Structure formats: C-alpha cells, structure tokens
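Given chain A, work out where chain B should sit, using these hints.
Chain order of the listed sequences is A and B.
This note's numbering applies: residue 1 is where the first sequence begins, and numbers increase by one.
This note's numbering applies: residue 122 is where the second sequence begins, and numbers increase by one.
To be clear, the hints were calculated from the coordinates, so they are not data collected in a lab.
The structure displayed is predicted, hence computed values, not measured ones.
Incorrect hints may appear among the rest.
[As the list claims (entries may be wrong)] Derived pair list, reagent style DSBU-like, types lysine-lysine, alpha-carbon separation capped at 30 Å:
(1) Lys21/A <-> Lys524/B
(2) Lys76/A <-> Lys64/A
(3) Lys76/A <-> Lys23/A
(4) Lys92/A <-> Lys76/A
(5) Lys524/B <-> Lys92/A
(6) Lys492/B <-> Lys23/A
(7) Lys280/B <-> Lys23/A
(8) Lys524/B <-> Lys492/B
(9) Lys492/B <-> Lys21/A
(10) Lys76/A <-> Lys280/B
(11) Lys92/A <-> Lys21/A
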Amino acid sequence: MQYTILVYETPAELAARTDPKRKDAYWGAYRAYTTALREAGVMVGGAGLQPPRTATTVRQPGGKRRVQDDPFADTKEQLGGYYVIDVPSLDKALEWAARCPSASTGAAEVRPNMPPPPPPA
Amino acid sequence: MNDAAAAAELAARASYGRLLAYLAARWRDVARAEDALGDALLAALETWPRTGVPDNPVAWLLTAARRRLVDGARHAGVAAAAEADLKIMLDERADASPAALPDERLALLFVCAHPAIDEAARTPLMLQTVLGLDAARIASAFLVAPATMSQRLVRVKAKIREAGIRFEIPAPGELAARLDAVLEAIYAAYGSGWEDVAGADPRRHGLAEEAIWLGRLLTRLLPHAPEAAGLLALMLHCEARRPARRDAAGGYVPLSEQDVTRWSRPLLEEGERVLAQAARANAPGRFQLEAAIQSAHAQRALAGTTDWEAIALLYEGLLRWAPTLGARVAYAAALAEARSANVGLAALETIPSDAVVAYQPYWALRGHLLKALGHATQARDAYDRAIGLSEEAAVRNFLLDRKR
Numbered sequence: 001m002q003y004t005i006l007v008y009e010t011p012a013e014l015a016a017r018t019d020p021k022r023k024d025a026y027w028g029a030y031r032a033y034t035t036a037l038r039e040a041g042v043m044v045g046g047a048g049l050q051p052p053r054t055a056t057t058v059r060q061p062g063g064k065r066r067v068q069d070d071p072f073a074d075t076k077e078q079l080g081g082y083y084v085i086d087v088p089s090l091d092k093a094l095e096w097a098a099r100c101p102s103a104s105t106g107a108a109e110v111r112p113n114m115p116p117p118p119p120p121a
Numbered sequence: 122m123n124d125a126a127a128a129a130e131l132a133a134r135a136s137y138g139r140l141l142a143y144l145a146a147r148w149r150d151v152a153r154a155e156d157a158l159g160d161a162l163l164a165a166l167e168t169w170p171r172t173g174v175p176d177n178p179v180a181w182l183l184t185a186a187r188r189r190l191v192d193g194a195r196h197a198g199v200a201a202a203a204e205a206d207l208k209i210m211l212d213e214r215a216d217a218s219p220a221a222l223p224d225e226r227l228a229l230l231f232v233c234a235h236p237a238i239d240e241a242a243r244t245p246l247m248l249q250t251v252l253g254l255d256a257a258r259i260a261s262a263f264l265v266a267p268a269t270m271s272q273r274l275v276r277v278k279a280k281i282r283e284a285g286i287r288f289e290i291p292a293p294g295e296l297a298a299r300l301d302a303v304l305e306a307i308y309a310a311y312g313s314g315w316e317d318v319a320g321a322d323p324r325r326h327g328l329a330e331e332a333i334w335l336g337r338l339l340t341r342l343l344p345h346a347p348e349a350a351g352l353l354a355l356m357l358h359c360e361a362r363r364p365a366r367r368d369a370a371g372g373y374v375p376l377s378e379q380d381v382t383r384w385s386r387p388l389l390e391e392g393e394r395v396l397a398q399a400a401r402a403n404a405p406g407r408f409q410l411e412a413a414i415q416s417a418h419a420q421r422a423l424a425g426t427t428d429w430e431a432i433a434l435l436y437e438g439l440l441r442w443a444p445t446l447g448a449r450v451a452y453a454a455a456l457a458e459a460r461s462a463n464v465g466l467a468a469l470e471t472i473p474s475d476a477v478v479a480y481q482p483y484w485a486l487r488g489h490l491l492k493a494l495g496h497a498t499q500a501r502d503a504y505d506r507a508i509g510l511s512e513e514a515a516v517r518n519f520l521l522d523r524k525r
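With the rest of the complex left out, here is chain A:
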C-alpha cells in the first residue's frame, strides 16, 4: 500500500537549507533519511520543493483568473517536500514518518495514496 509523507517545515528549518552553519546538518539528515528509505526497499518516489517564496498560485473560480506570488496555504509550517513510500500498513508508514527530520521540528503528515481510478465502463 502506498502512502505519501508530506514534509512540513518551520521557517527556521527552511532557512537552515542555506545557512552556512546549519546546512550540513540539514542536508545530512535528509540525505540519510532518503538513503534509509531506499535501503529498506520502501521508497517509491518523492521530491524536495524549492522554498515557499518561489511558489505561484493560480485560482480561476468562475473563469475569473487570479495569479499570486504566494503558496496556497498561509500557515507557519510550509510544505517542503514529500516522499511516496510502499509499506504494508499505516503503522509502518507512521514509523517512517517519525524518522522524517521534519517530524522533530515541524510535522510529517501521512496520507494513504488513492488507488488509480477504475477504467471507464
């Protein structure tokens, strides 16, 4: 069963990505976490995302388009990346989420992936 781990990071964590004093620890932790997922054979895919300031959000309700230079969610913790993993149960997915570096500082949200939609009848 596939689950997605959504990596929510605090502004301090996002800043650590480029902070000369903290970036080694930041990238070292994520590199190691990704390696552990791969070596355990549960990694399906994923990506790190460029920081929230690079986000552009498009809304066009009723055909009225609005483009904004901001992330969709205006929250303290921002989506910093995601992992897709394949494990037998939610319990196992939570074990991996607990090891995600963002769980110690921000949050790691686990969602079961939907199965592909059924073929057209």
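Okay, now just chain B, sitting in the frame of chain A:
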C-alpha cells in the same frame, strides 16, 4: 480547576484501576464498566461543587458506577445475558460496603495479557484499564493513529466479553508463563529504553513513569515473583540514568560518556535493593538478567569503572533466554569494549541483514566500530543509515558529528 474538580480527579486517579478492576471482574465486561465509571466521574464533577466533596469519594464513585450498571442491565431487559446480570445485581446489593472493595487489579492484569488477546493490544489495554489513560495518549506513545488505537481497544474489550475470558489469577502450573506475558506488556510500556541508542525519547517519559507504577503494583500484588521484581529493578536502573542522557544544551550523551553524578542515586539504590531481593529466590530469568546488566553499568557510579567482560557474559546468558535484536546488538557492543572492535564487529555480523534494515542501533554501532577500525568510507555509510533511522534531532546531530 476548583476544589471539587481537583478532588474528583485525585480520587479518580488514585482509585481508577481498583474501581474498574472490581466492576469489570464483577460484570465481566470491561467496556460497560468503563462507561459506568466514566459516567460516575462526570456525575461527581457536576455534583460535588454543589454538595461538597463526600467523605469517601471512592465509595461515592463506586455507588454511582454500580447504579449505572444496574440501570443499564435493567434497560437491556429480557436478553439472555440479563439473567446473569440479575444475579450480579443481587450480589451488589448484598455487598455494598466499599471498605471491603477487593483488589481485582492482578486478575485484570492477567486478563489484559491473556494469550487470547492480540499481543499488540495488551499494553494499551493495561494502560487504559488499570491507569485510565485515554486512547489518544496511548496512541501517541505507541506511534499508532488514534482512531486505529480506539478501534483496537474496542475490539479487544468485545473479545474479552464474548470469549468469556475469566478474571482470575492463573493456576500455579501456568502462572509463570502467564506472568511472562504481563511482564512483557509492562516492559513494552517502558519502551525499549537503553537497548535503543536513541534511548532517551522524551515523549516516552510519561509512559516510563506509568510502567514503573505498574511494576511496583505488580511486585506488591505478587511479592514472591522474582521476575516481576527483576523487571522493576530493570526499569528503575534505566530511569536512574535519564537525567544524564542529555547535556545542558540538549545534546545526546551515550551511556559510556554520561556524567555519573547526574544519575539518580535513590532510583539506582532502589533498583539494587529490588534486584538483590529477587536474586534470593534463586530462580533466574530474562528480566533479572537484564536488570543485572544495568546493575553492572551502575557500578561505574560506585566503583568508577565498568566491568565489560562481566557485562558481555551477562548478555551471553540473556541471549539464551531472549535472543532479541536489541540484546544481540548490545552483546556485540559489550564484546567490542571488553575485547576489541574486531570481535564486536564479528558478533554484529552474525545478525542476519534482513533483520536490521530498519534497526537504528545496529547501524549506529556498526558505524562506531568501523570507524574505530579505520574503515572510513564504510563507517560513513553505516552512520548514514543510523542517522536516517533516528527519530530525534539530538541523536541525528550526535551521529552526524561522529560521522565526520
């Protein structure tokens, strides 16, 4: 919180397990007993601020909970079960004095760890019924979704009722085996503690205290069970070291580098006392051996040195009782200290690789030993695995530092 609320909570916490065990044993229904006791607590919080706290709050709660159970049984009407309930109702009336409230908690502990109950549900059930912890807190401690934990607890209580699991102390012939399951469940609440290089997870702190409380309760209820005393001694020794597991800046400190003056002397001494008492029965077992290993580590606070050869020998003994992954890794660590990094690594490499893909302590020790042997590249790879499997920033940072 006002006085009435505080008194209700105090009375509840002090007597919850005892009241619940009594009601559940009488009515052979954990879920119904919990609901009735929960209603009684709510009623107390509503009533006491007006009437004042009764002289005997526990008796008040018991009476209110019994009334709920009797009313509930009446409403259930003519169902087949009602006949049994009727008998209990009559018994309840005959035996109304709560001063004589029998302690059924030992029977409840044996029910919680009954072989018919799924192993993963045993500890949560104990924590909920004996200590009154809510499902959400138990779920967090065991890293399970709260909804899943609630469902598991509901299912397991239904099973106790439907399978008619009896509230009784096992016969002497099966006591030892059944007690083992109770001890395992209490130990699971304590967490994997020192086996785990990460061993100082602050989120487990709450449950560590609850587990020690259960351990003390069990040794009081079963004073002649050396393994129960062994488990208590083991938890006390681990707990004694908790203050030394982090430095002033919150950094992780491994056991060998801990400042022994920060170990809790009272807990350490109590652990020694409890273990010595257990040993007098001359019936060794897994938990007494584990406690003896911790006691050997504690000697550093008393004698200033660690006898690693003795610790390695104790682990050899432990592996015959309980060849867990944690014990195998710890044995390798002890061998490395007692003899050489090479010997330790050889012991580590006897562990099958598919057992350790997600086991952090294995990789941390592997990194440490490979580094000591001068295999820099392999050491860095092992450290990376350990870092990726760590759940705590302090441990991650410690290992990142060692990896350099």
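Here is how each hint holds up against the structure:
| no. | hint | verdict |
| --- | --- | --- |
| 1 | Lys21/A <-> Lys524/B | holds, 17 Å |
| 2 | Lys76/A <-> Lys64/A | holds, 28 Å |
| 3 | Lys76/A <-> Lys23/A | holds, 21 Å |
| 4 | Lys92/A <-> Lys76/A | holds, 28 Å |
| 5 | Lys524/B <-> Lys92/A | holds, 28 Å |
| 6 | Lys492/B <-> Lys23/A | holds, 24 Å |
| 7 | Lys280/B <-> Lys23/A | violated, 52 Å |
| 8 | Lys524/B <-> Lys492/B | holds, 8 Å |
| 9 | Lys492/B <-> Lys21/A | holds, 25 Å |
| 10 | Lys76/A <-> Lys280/B | violated, 44 Å |
| 11 | Lys92/A <-> Lys21/A | violated, 34 Å |
Violated hints, listed in ascending order, are 7, 10 and 11; each of the other numbered hints is respected by the structure.
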